[in-house]
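Produce the complete structure using the sequences and hints provided.
Protein chains: 2
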Amino acid sequence: MNIANYLKQKQAIIETALNDCLPPASTRPALLHEAMRYSVLNGGKRIRPILCMAAAEPFRVPSQTVISAAIAVELFHCSTLVHDDLPCMDDDDLRRGMPTCHIKFGEANAVLAGDALMIHAFQMLAETGQSRLSLELAKAAGSLGVIAGQVEDLAAEGRAPNASLIDFIHMNKTAVLIRAAVRMGAIAGGAKEDELENLSSFGEKTGMVFQIIDDILDETSSDEVLGKPTGSDLELHKMTYPAVHGMKAAHAEVKKLTREAIAALDMLRRETSALRAIAEYLMDREF
Amino acid sequence: MNIANYLKQKQAIIETALNDCLPPASTRPALLHEAMRYSVLNGGKRIRPILCMAAAEPFRVPSQTVISAAIAVELFHCSTLVHDDLPCMDDDDLRRGMPTCHIKFGEANAVLAGDALMIHAFQMLAETGQSRLSLELAKAAGSLGVIAGQVEDLAAEGRAPNASLIDFIHMNKTAVLIRAAVRMGAIAGGAKEDELENLSSFGEKTGMVFQIIDDILDETSSDEVLGKPTGSDLELHKMTYPAVHGMKAAHAEVKKLTREAIAALDMLRRETSALRAIAEYLMDREF
Numbered sequence: 001m002n003i004a005n006y007l008k009q010k011q012a013i014i015e016t017a018l019n020d021c022l023p024p025a026s027t028r029p030a031l032l033h034e035a036m037r038y039s040v041l042n043g044g045k046r047i048r049p050i051l052c053m054a055a056a057e058p059f060r061v062p063s064q065t066v067i068s069a070a071i072a073v074e075l076f077h078c079s080t081l082v083h084d085d086l087p088c089m090d091d092d093d094l095r096r097g098m099p100t101c102h103i104k105f106g107e108a109n110a111v112l113a114g115d116a117l118m119i120h121a122f123q124m125l126a127e128t129g130q131s132r133l134s135l136e137l138a139k140a141a142g143s144l145g146v147i148a149g150q151v152e153d154l155a156a157e158g159r160a161p162n163a164s165l166i167d168f169i170h171m172n173k174t175a176v177l178i179r180a181a182v183r184m185g186a187i188a189g190g191a192k193e194d195e196l197e198n199l200s201s202f203g204e205k206t207g208m209v210f211q212i213i214d215d216i217l218d219e220t221s222s223d224e225v226l227g228k229p230t231g232s233d234l235e236l237h238k239m240t241y242p243a244v245h246g247m248k249a250a251h252a253e254v255k256k257l258t259r260e261a262i263a264a265l266d267m268l269r270r271e272t273s274a275l276r277a278i279a280e281y282l283m284d285r286e287f
Numbered sequence: 001m002n003i004a005n006y007l008k009q010k011q012a013i014i015e016t017a018l019n020d021c022l023p024p025a026s027t028r029p030a031l032l033h034e035a036m037r038y039s040v041l042n043g044g045k046r047i048r049p050i051l052c053m054a055a056a057e058p059f060r061v062p063s064q065t066v067i068s069a070a071i072a073v074e075l076f077h078c079s080t081l082v083h084d085d086l087p088c089m090d091d092d093d094l095r096r097g098m099p100t101c102h103i104k105f106g107e108a109n110a111v112l113a114g115d116a117l118m119i120h121a122f123q124m125l126a127e128t129g130q131s132r133l134s135l136e137l138a139k140a141a142g143s144l145g146v147i148a149g150q151v152e153d154l155a156a157e158g159r160a161p162n163a164s165l166i167d168f169i170h171m172n173k174t175a176v177l178i179r180a181a182v183r184m185g186a187i188a189g190g191a192k193e194d195e196l197e198n199l200s201s202f203g204e205k206t207g208m209v210f211q212i213i214d215d216i217l218d219e220t221s222s223d224e225v226l227g228k229p230t231g232s233d234l235e236l237h238k239m240t241y242p243a244v245h246g247m248k249a250a251h252a253e254v255k256k257l258t259r260e261a262i263a264a265l266d267m268l269r270r271e272t273s274a275l276r277a278i279a280e281y282l283m284d285r286e287f
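Note that the protein sequences, when read in sequence, are chains A and B.
Each residue of the first sequence is one higher than the one before, starting from 1 at the first, in the numbering used here.
Each residue of the second sequence is one higher than the one before, starting from 1 at the first, in the numbering used here.
Worth flagging that the hints you see were computed from the coordinates, not collected in a lab.
Source: prediction; values computed, not measured.
A pair counts as met if it fits within one copy or between any two copies, since identical chains are not told apart.
Once the Cα atoms are required to be at most 20 angstroms apart in a straight line, the calculated SDA-like pairs of lysine to any residue come out as:
1) K255 to M171
2) K104 to P87
3) K139 to G129
4) K238 to A108
5) K139 to A17
6) K139 to R37
7) K104 to M89
8) K139 to E127
9) K139 to N19
10) K104 to A155
11) K139 to L31
12) K139 to D20
13) K139 to C21
14) K255 to E219
15) K8 to M283
16) K255 to A277
17) K256 to S201
Shown next, in the form of structure tokens:
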């Protein structure tokens with residue numbers, strides 16, 4: 001399997017679906033729809049929707065439902081980025097090398113564009129008619145998931161390194177949503193309960209890897225490669241995995257988690273080469 | 001029908017359901033759950049969930065689904081209030097006589113508490129298993145509904161009075177959600193399509209009345225009665241119905257819309273005395 005080609009092919013499908021699912025920029029209120037499109041159609045890596053689609057593949061049910069689920073996860077993810085970048089949160093001016101939403105459209109419109117993207121994610125899922133998909137996203141996204149991670153992440157700024165706290169933050173801020181992306185793909189594919197369990201474990205571990213690599217790259221990469229200011233975690237005194245455990249342990253943890261994620265896949269006894277290749281790609285990614 | 005007793009009885013049911021549906025304030029992250037509960041359990045009038053429950057009554061199906069729909073609409077409504085009060089939006093320090101969420105918990109937590117309440121609304125609906133309810137809320141709430149109204153409301157501040165603009169703002173910011181509340185009650189009750197049409201019309205007109213009365217009260221009532229600073233619309237140069245059409249026309253429009261709303265109810269040929277009494281109550285309310 002050529003992972004670069006696979007990712008490129010899925011990205012193209014996802015870009016088209018994202019573009020098609022959002023109202024045209026000319027739709028009233030034009031400024032809001034421009035802000036929504038700007039915050040979504042910005043060259044993101046689309047890891048979450050790709051994982052969602054890949055998680056349906058072992059079940060051989062190419063269906064519109066999987067695309068809707070994939071797109072919904074990405075729309076929600078983009079909404080959190082818009083809100084995270086706000087001055088009262090991480091106060092970031094750049095994302096993927098471009099001005100953030102509030103810099104370009106003003107703070108009020110950024111709050112509202114984030115809200116509208118969040119709502120649009122649930123609209124996409126409602127349109128599938130599968131309430132279970134909405135339930136997965138809501139549980140992963142809400143006050144016991146992504147939002148919990150974000151609250152504790154902000155509260156942790158400047159506090160002493162703490163292993164259990166960083167684990168809580170990474171699990172909720174990142175891993176829970178990536179796990180949900182994988183679960184939603186599997187549910188759309190019609191996975192049985194035990195299969196869903198194995199894929200949950202794969203998703204969670206892959207999500208943790210994704211976040212630890214993010215932390216590592218923030219310290220070791222350059223602004224040009226990442227398209228955002230590196231070293232910003234240090235500057236904000238963010239609690240990162242390397243800050244708590246050291247860089248060597250961070251790399252070792254990434255390897256261990258990836259091994260465990262792939263072991264969970266093997267338990268499935270289905271064709272999961274795409275998920276495996278994505279996990280290996282995420283472990284080695286440089287941006 | 002004694003409307004005061006009816007409202008009090010429904011409010012009690014709704015307060016209990018709101019209290020029960022939110023995680024306890026001690027749940028990690030405690031600050032987030034405190035902020036969510038503070039922003040919801042604050043003595044709101046609960047007009048939207050009451051209308052939702054009342055709209056199911058003609059169909060005689062007292063069901064848990066109706067309560068979930070009612071609660072979801074109120075949670076979403078509360079989330080919009082938290083975000084509307086933010087410094088970058090209406091910059092309000094008081095709501096119902098108490099410090100607003102961002103004054104009490106900080107701006108970042110207010111953004112995140114609003115997000116979490118929005119997500120929780122969709123979780124409540126997902127748990128009913130009726131995707132159609134999620135779809136109703138999403139369509140009413142999103143970039144072609146409440147959020148559209150909010151964007152144009154902010155953009156209209158300080159602009160010259162304009163009848164078609166105020167109509168767009170009131171329709172989207174307020175009437176569309178109240179219409180959705182009524183529709184969701186009717187859907188949970190199992191209304192047929194033509195019945196749903198009549199109730200939609202009732203909900204929309206009642207929603208417009210609600211907003212016009214809000215505008216009137218902002219100009220004519222006192223801080224003590226409303227529990228929020230009156231005259232704030234004038235101060236922010238908000239575009240209000242009386243500012244565009246004059247106070248006399250505002251009162252006349254309220255009467256006309258209420259008559260039309262009740263006429264739509266009469267078309268139903270079902271027992272709708274509660275909806276009728278609520279519409280008449282809203283027309284005459286003084287706070």
